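Got chain A; can you put chain B on it based on the hints?
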Amino acid sequence: MTQNRNKLIELFIGNLANSVIHKILETAIDNTEISNKYEKELKNSFEIAKKYRDKINPLYVPFPDKDVEYIRIKLTNKVNSELLKRISRGYENIDLKLVKEFIDQYLKILVVI
Amino acid sequence: MEIISRVSKGSKMDQVYIPKHRSGFSIGSYVVLKPLEKESAVEKPYFYNIGCIEPVKLHIITEIIKIIDKNYQNYENIIFAGSFLERGFNFNDVDLLLVSNTKQDVKYIKNIIEKNIGIKAHIILIDIKSLLEGLATDPLYQMMLSKCISKKRFIFNVKRKVLYKILDLQLLKSKILINNFDILNGVEKYYLTRNIIALYLYILNKKLSKEIVDKEIKKIFEISVKLIKQNMLNKKSFLNKYKKIYKKTFDKIMDSIQSDSK
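Taken in order, these protein sequences are the chains called A and B. Numbering of the first sequence is given in the working numbering, commencing with residue 1 and proceeding in unit increments. Numbering of the second sequence is given in the working numbering, commencing with residue 114 and proceeding in unit increments.
These are computed hints drawn from the structure, not numbers from a lab. Since we're looking at a predicted model, the values are computed, not measured.
Computed list of lysine to any residue pairs in SDA-like fashion (alpha-carbon distance at most 25 Å, straight line): (1) A:K85 - B:K274; (2) A:K55 - B:E301; (3) A:K23 - B:L297; (4) A:K50 - B:N298; (5) A:K23 - B:L285; (6) B:K356 - A:L11; (7) B:K360 - A:N77; (8) A:K78 - B:L285; (9) B:K242 - A:I29; (10) B:K179 - B:K220; (11) B:K365 - A:S88; (12) B:K356 - A:F46; (13) B:K365 - A:E26; (14) A:K50 - B:V300; (15) B:K328 - B:S350; (16) B:K365 - A:L96; (17) A:K85 - B:L317; (18) B:K360 - A:E26; (19) A:K7 - B:K356; (20) B:K356 - A:E26; (21) B:K354 - A:N44; (22) A:K50 - B:F294; (23) A:K23 - B:I296; (24) A:K78 - B:D364; (25) B:K356 - A:L25.
Which chain B residues face chain A? A few, computed with CB under 8 Å, are given here: (26) K278; (27) I279; (28) I289; (29) N292; (30) I370.
Just so you know, even glycine gets a beta-carbon here, dropped at the ideal spot from N, CA and C.
Bound-form chain A, shown alone:
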């Protein structure tokens, strides 16, 4: 059961990290008019993260501090590493200061904190 929970947490982190990266990259786009309206078939990372969250206990209350700390660190590392990979290649306008803000926002929505 614990092993299963740990696996679910990892999957949850992976998808949520993707979602945070997506959000930050969206803010880096200066042209707001361009958006893909034809993406009905593609599932979104946040939806999947939410599905995993719904399978991890405790369900309707925040996680214990130890878990929160682990998730936060792992999420931050994953997001930063992906964003830094882009910055090093010349990607402009990525605001790393937003990482903490978006992570906290999403963790609150998903009742992790």
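Only chain B this time, still in chain A's reference frame:
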């Protein structure tokens, strides 16, 4: 002689009453009953890369155009695309772009289409500027409109613009498959794979269409699209190839930053 009259309800049969004092229409003669409202002639739609289409689908298209004509004022064009135009009846809904510079609610139209024709419509309301912008920058738009039927003639000879930020965002969506192979169904896997390959071909400045992308999927993954959709995949081998093409596409997009900033 012409007489205009109303159809009235009867107990066993409905009827049309005509005045007793009249010239012509003698008792026992045969007459033709026709609705007074003239059916507006629907212009023949324009076909783009459509080899053949089932007559019933054409009828559906005509009916949808009529519904939109009646319920949406001042639109520029209606473009039908997506799986509805593929051979056979393996589609969930009718995808259509309603090109208009004014914004009106399309939910109402969706409901009428569903009620009258019994088919779900996925209506994308888009203005001309965004459509052209999408066609210039978004491989999915190019792929979607490589095969379509439109009410009016349209020419989309737009020059491709490689906007690395847009392409990167699009590519990121396909990352889902790497982490969630086990929970995604075959159709979802196909769409995520198609997304990468479309981006890959786009960045290589290759021509895009569903057929071209499917052919490339088969070539790269050594498996047919049908089997991907049926989720008949060897996880290890598929994921290996998927990760490789994902990285290759990501690198190509990142390489384009240099030329974009010049």
